[in-house]
Amino acid sequence: MVKNLAPLALAALLAACVPELDDRSFLVTAPSLLAISSTPAEAAPPASIAYRALYVDQNGPRSADLSWAFCVARQALTDPGTVSPDCLQPSSDELTPIGTGATAAGPLPSDACRLFGPDSPDEVAGMPAGRPVDPDPTGGFYQPVRLLVQDPGPVSTIGATRIACGLAGGNATLSSAFAASYRANESPAIASLSLVRASGSTPITPDTPGAAPGATVTRGESLTLHATWATCPTTPACGDGVCGIDETATSCPADCTTPVGCTGSEQYLVLDPTTSTLTPAREQITVAWYATGGTLADDTSGRTAAEAATTSLDNPWIAPAQPGDVWVWLVVRDDRGGVGWQSYRIAVP
Amino acid sequence: MSRSAPLLLALALALAAVPAGPAAAQPRPAKPAHKLTKAPRLLTFVEAPYPEAERASGRSATVKLEVAISATGAVDEVRVVQSAGPAFDAAALQAVKQFVFSPAEFDDQPAPVKITYGYAFTLKIEAPVTAVFDGVVRARVSQRAMPRVVVQVEGGPRAVTDDAGHFHLDAVPPGKHVVTLADDKLGTVRTDETFEAGKRLDAAYELEDQAAPSAPTDDESEIVVTAPPLKKQVLSTEVPADQGRKVAGTGGDVLKVVENLPGVARAAVGSGALVVWGASPQDTRVYVDGVRVPRLYHDGGLRSVIHTDLVQSVELAPGGYGAAYGGGLGGLVSVQLRPLEEAGFHGSVATDIFDAAATVRASIGDKVHVAVAARKSWLDAIFPRVTSSNTSALFPIPRYADGQARLSYRADAHTTIEVGGMISSDSTQRTAPLLDPGNALDPAQVETETTSLFWTRLYAHYRHDTEGGGAVTITPSFGTESSSLTSQFGGIPADLTVSSSVFGLRASWRGKPRPFLTVSVGLDAEAVDSAVHRSGSVTSPPREGDVYVFGEAPSDQINHDDFRIVTVSAAPFVEADLALDEGRLHLLPGFRFDAYAIDGSRSLPASGNTPPVGFLTSEPLFEPRLAVTYDASPRVRFKAAYGRYHQLPQPEDLSAVFGNPTLSASRADHFLAGGRFELGASFSVETTAFYTTSTDLAARSASPSPAVAQALEQTGSGRSYGAQMLVRKDLSAHLFGWLSYSLLRSERQDTPDGRWRLFDFDQTHVLTALASYAIGKGFEVGARFRYATGFPRTPVTGSYLDVRTDTYQPIFGVQNTIRIPAFVDLDVRVSKLFAIGKTELEAYLEVQNATNRQNPEEIVYTYNYGKMGYITGLPILPSLGLRFAW
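Just so you know, the protein sequences line up as chains A and B, in that order. Everything in the first sequence is counted per my numbering, starting at 1 for the first residue and increasing by one. Everything in the second sequence is counted per my numbering, starting at 350 for the first residue and increasing by one.
Errors might be hidden in some of the hints.
[As the list claims (entries may be wrong)] Stretch-level coverage of chain A by chain B, calculated; a stretch enters the list once three of its residues show a Cβ under 8 Å from a Cβ in chain B:
hint, stretch
1, 21-33
2, 64-78
3, 150-157
4, 257-269
5, 284-292
6, 335-345
Don't read these hints as lab results, they were simulated from the structure. For glycine and all other residues, C-beta sits at the position ideal for the given N, C-alpha and C.
The following block holds chain B by itself, in its conformation from the complex (with noise of 0.2 Å):
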């Protein structure tokens, strides 16, 4: 901030110039006769930095120094003529001493001269660039402090408020900005606020102590909420999306960083599956803005299935959950959508090696606010020019499209509507011939495979904000599914194709009636009505306990299904928080009455021109859930949680020759407690154990003989426990991340009298360490390790020959006693953004695997399974990306 003043013209000083003969220490000329023919003129100058002692006075001054110049231009010696006091005088001294002159000259001859400089110093200050962000937290009602709160800019930095509530924010992007306020009680609050460069904006915001909303106010200093707290989940993590999106390996994707997130199993290579606590993928429910979605990520799980620019943030709850949500026996996925509140015209054009995206974001007046997303995979196109046609031909290059359209109208300050819509698109094919050149003309041993899901949603969303403090909300939608799976191996045909539509109703009411009571009432509602059909093997496709190798031909005994499947659940659940202890005990009871009926339109295999015969199935489901939390202090609370879920079957196992139409809901019960300690404004720990039980888990019979139209019995265990940490650094001086660690076992019973075994996704450890880091001048860099057990796998011990298929058999051991080896993975981000007048463009280059590790990701075997070795993921793999915003 300081800098001398650098006048060359105070050469002009020369006015004062006098030569100096040998003895230069005089300080008048020795031959006053001589005439100066020629000035000195200052070649180099050195600043001086204004010192850090007078920085607080900030005054301006000037030291006036006699300069003693050489022959040669050099500085013989400097001393002070009118001091400006020691500090301004001592960096004269330095600077000046490095000056170096053209040699003055008298009677054209260089001879030594002294001068008169004057070294100005004025305190520089530099325009500001950003704000500062202060303010304090309450509760509007006991105007008591709210320490922890988590207080974020949205695009800048964060703050968690301290004992008394206060927070303070630097460097805070000037504008307009979205402003949320968030804990474990208050859930999320957002509102508005208009940042100026270089002042200050002092706020109080008082806030319902159970986090009810308030109606919007003139007065600045509170806060206007503009949507009713979201309802936090005693166990769960919420990343933003502009953290998110930083993580490395994530290709700029707020909602791959789920995988990262402590309970969550590493996915296969290109699976994208969420295997959260041991649960099955399907068993884990996806929500965006409370509509159910069947999938977090496209296939190959390179990209989430909603555009970043339209997240606001992403949960994570591994289980349980409270008893607004259910229907599934594993984690809880909510994705919030950014909230369309911005003026003017917004949006962006994205592109890297995967995909390319845009998005648009308007508003229609004051009310009106639309926005629109979109993305398409080109990988399909790049992929086969970069590599072999056998690498293209061995793994199916995803590929995939999405859209979202919303338009969201404010009726008045306490009522918005908004529709929306949300579009996806995902396709595999692939011929896939041996790797072995001696079977590649062998028609018994080529596969081809084809994969497709389409799907859509199409809802509303209405929420009034009451005068009392509580809120309705409705939320219809309507969507179709349509998937399927098609291969070829050899002459066995197998297919799966499931075609539905999907009705869903979700409403509640959240009031107040007592201080220290929140309720909240609501509907949870969901009818799907698919067409199924299904042929090939009954084997096929693999399901979670199938003992197989990786490749291994299907069974060539085939069948064929076609039938219908109506299912309907109506879900009633209420759920209260009362606040014991003066706020810090909270005890959240919750009860969910699910009521189901499955109708389907055939209860056995075809058999001639019998007429098909339906079968209804109908049972009520009680769910109950409990939640507390204990404030032990401001910076220690201790949760513990209980939950009991139920799950439907899927579609396709109600299939009477691949399935069993009798299956019936499976159960689970979630066990949880653990505690978060605040270790510092921006640095947390949290610790959880869990316990996990599922029963009535569809399996495969066991029997030789199964009956007729039970190929599945519901008789299956399973049980996941162990314990989860994440140690987190929220955002602050530049620096966010975390670590997160998993010590987890899930296993599966199949049979009541059956060996415990594992489960085929277990991972005992997950770790993951990631950070980012921003560097200055729009430069941040990051990097994400990870290290995961490998998957479960069945060791094959001998092999017969079946001469009838021509074909080696493996003999197997005991079901899932080896592993896959572990996986470890260092990924690295460096990213660049560049601020063109109101736009910006971001430039990445992320290198996913960049130590090249060999990473195992499948056994593979000999035709006889003589010798097995491993296939490997990914190589070292590095993307460049763009991203320009306005």
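Excised from the complex, chain A in its bound form (with noise of 0.2 Å):
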């Protein structure tokens, strides 16, 4: 697999040629850090978090020594990568550790909105304010975790939670609106994985420890893999279980006193700079499918926002031709830092 060929301007001619690198991410054939979940996805500081983590080689789930630490660095406009080297170092003044272990919990940095978020640093005496960070294109901001893998090598990985930081760029009036209409993301979910032979659908069942293999499939059969999410309503009506941009604690109390959201691709509202107002957007999902044998189409495919009515996504996949139990994971993302998975085993008699 090959980085795209993005924004370097080569305005280049004909047939100019790329090399065939053929490393593919499906595949996984030694231990791997798939996917970090934060609960609740997305949370004001000091909110206490709940981390977990996706870690499995070809044989399936495995434990491991994971370290866990916030990352207090701002990344500097010089550094490349999405976070600053210092999240990346074993150990660091810029590291606040929260615990080891395949899950880990603990607390927001209170200064995480000065540090990552809409709010100017705190100033240095005889130094101008400082910079506030940017939002992404869905107005959040981020706080990076790292996770140290200590077998087979230290080898940092680096998860995020979104931060609830109020409205960047905006009046005193929008940001009220803002506050007022914005519903925390909800991580999605996988609703549903089926295999799709010519014959019918088969849905596989999640794996349980201990359990049978959720599907059996033949040496070096041709089937598709179908995964589903859920699907979140586009209008807000009261009782339909999700708090919409539009209702409230007071306007629909059975959806909004304890405010739930969807697992699918979810309405939120963002500033539109352009135009200084709130505008609704939906979710864009995607989807990062793993195996331990056989051949997927896809390693990465997904929805945009304006295919969020489509919530199913179909991977063609060749089984592999040695029996043994093949092991399918589906981390399912959305673009406001959710993140979800869900582990299947199938059998290949």
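Work from the hints to combine the two standalone chains into their complex.
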């Protein structure tokens, strides 16, 4: 797999050639950390966040020595990547440990909105006011969390929690309206996975420790994996189980007394900077596919916000020619930082 | 030139034919009673060359020979019976021995015979098709001979005057041609000469000692200077249009030849960026007849923005240029347009795989001339038909068009006025899915990108040559520029749109107050009113010094800004040329005072309903310049120069969100020294060592908490040093070419205490060798070889997974410490010119990358940066072109 050829102004010509680098990300052949989820998916500091990791190898889920820490180092404009290099160190003053193991929990740093949000950084004597962090296209800000995997070697992985810091770039009126109508993100979830053959569709039961595989396929069989997630309402309706952007605890206590989100493509409010108005938007959903055997057509696929009404994806799969159990993991993400996953085990007799 | 008279009729001399019996040695028939029933007939005639020994005499002559013919018709023996001289006799004998006859018949039977044959020689003088051009160039006042003046017949040969000021040109095409005379001190002057085939034109040109123009004269032996000489730079390379368009790899575009000049780095494939002496592409200024234009090449670097038929020459001064120009930290490209002085109606149409173009030039009476040119690409129509859709999606296909219109009016013998316009349009558009089919359906990885640039210029050019040998020129101009870059990488948008109005004025007076002193004073002013819209990541698009990997997604932290910037600069300048030591030593001091002001609409990022607060920055800039040349001998010249230069910040860098509104001018100092050595009439070597420094460059803030409105800081410095060499063979004996080599190192330091790193476009070695040879009958062949060190890149030493974005992020080593492998390329060109009456048709085949070498152009990595590979550039690319001109 090759990084796509995006931003370089290579107004290049004709049939310039690209090397064939045949690495594929879907195939799990070694210990791999596939995902980190935070619960809740979005919260205001200093709320406590519970984290868990999906760490696997070719034999299925794997336990490991995992060290969790919040990174409190801001990224300079000259720093490449998505976080400060200090976040990648095994230990640093910029890291606040929150636990070890497959799960961990800890309160968001209280100054997260100053470090990684729209609030101005703490002033330094004699220095002009610092620059706030810019939001992502969904209006979000993120507190990075570092997960250090000691086995097979010290490898840092970066996760993040979306922090609720209010509206960036809006006036008081917009900020007030945003605070009233914006709904925190809910992590997406895989609702179902099916095997699709010409003869019909067979649902796969998610893996449960000690249980039998969720489905059986023949060696080398060509079929399609069909994944679905929840359908989220586009028009708020009180009583639909989702607290929409125009619903409040007063107008719809059933849905909003304890706001409940949707595990699919949610609707949310975002500021349009060109018109200085709050506009509703839909989440983009992507699914990363992983398997320990066979060949998947897509490593990652998804639905854009414009395709939010479609809540499923297909991925052709050729089962391995060798017998044995095949692990399949689906990691679903929305573009507000929410992550969910599901594990499946398929028998190949 | 010689050819004997092949007279079959000579056989009529069979009047003396007689049969020969076995005793063939007998001169007369053995049996006179036999009757000749059939005379021998010459079947195979062999032409004898006109003897070289007699060529000087040019006389006609006839050798009488007795030829003994066998019964089979073969020539048995030949002897001279009446000599015309040894040379003629030998040539005739040699030829006649190879004759073959039909046998003679006596009494209807084949029989040997002897005849007398008169072999006639006449020196045939072919009608001459070219003219000879001889002359001498002298200084008008001192009457001293002027050596090393390059005399160029447009579209014809070129010569350099010898120590006595003489020159000689053979094979000058007949007709009226522009003749240019140029040297470093003189500048370039032009005159019209009419050449007649077979005739010799003797000319004596008297030029002002220091290039002041003279008035036209009726004396045919003196030059008619139609324009004041262009003030040449101490270090510059000028290429005439008729040579430049024949260089392989340029597609017939003379301005593309700039890429092959010393001091210029090879641009990445398709970029067309001009990197001169290690300066950023935007640091090099481009002028067309004194009017600044935003770029020299269209997108993709395939074509220049000015039609070749309107170009007289192009000149590159990589540094150390005079006070008349400024505003850029890097080099200076000056395009001289072709004078519109032709009578009649002329034009051309041309096409190749890239585009189609046409020009028309016409005279309206004696004083008014017009020219119009237009070009439109059609690569975007052809390309998708011959390549896969994947290729089209990966690489944006340039769509471009340009046009120029000029109207010239010669008010009197001393005054010309020209109005003209230029227009140019570029756009690219693509949707680039990942090459990896595994991510083809990942909406977060699909990127769309649209770029465009549209610009115009409208200008007037007034020139008046004064009686005292001076000149006044005034060039006001107005134009617009609108550039746009819009991309969407997954859900990350980016937009940079700049719309500008550009007002320019250049005016100068040039005079010669003393015989040893030439002075030029003038004003170079420009005002630019820009409306800027920018949105997206602060670090997108990347700028020089950013560490990133090709194809890496930009940061998803986005912002936006809309603001207006007005820059005004007015730079009066003065230059002088003091000729000392009988003209061998020239001191050229200059001074430029550049006062500028920047008015911006927003000094801080937008915040709620807070009204924007503008800003005003102004500063006087002092730019001393000095150049020295010394002629150690007529063939050896040494030179040195120093200059200080400033450049205003780019409008988009003055954003309160993405840049820094307080940015002021950056500064550069150029130092150079070198020499020029003429090794023959058309062979020269020029070497130059240089050192440049730049300070106050805008660089990204390295602070984790940069101050508001200070995303950029003026903390960068730069330095470039090295040497360049140009070995040049001017056009003579149907051959021209050059070898240029640059050895340089260009470095940047982003903060005062930071590490000096390689400049992103640094190339240690750049070698170009090219030649073009006219092999006759309208055929020309040419080749170009290029070698260039690869661009620096930052090594990737590892990666980490960002699970929020589900992307691996690279971990970098030390910045710019590895390089893309070197670029090696061979281009060849073959052309054939068909003369059809007064028109001509040229067909050419150009093959770029003739060896089909897979030149690495960029580094790419697998999704987790576990493996790396190279994107390679153009494969072998043949291009067939046609050009019809009248």
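A quick look at each hint next to the structure:
no.	hint	in the structure
1	21-33	holds (count 6)
2	64-78	holds (count 6)
3	150-157	holds (count 3)
4	257-269	violated (count 0)
5	284-292	holds (count 3)
6	335-345	holds (count 3)
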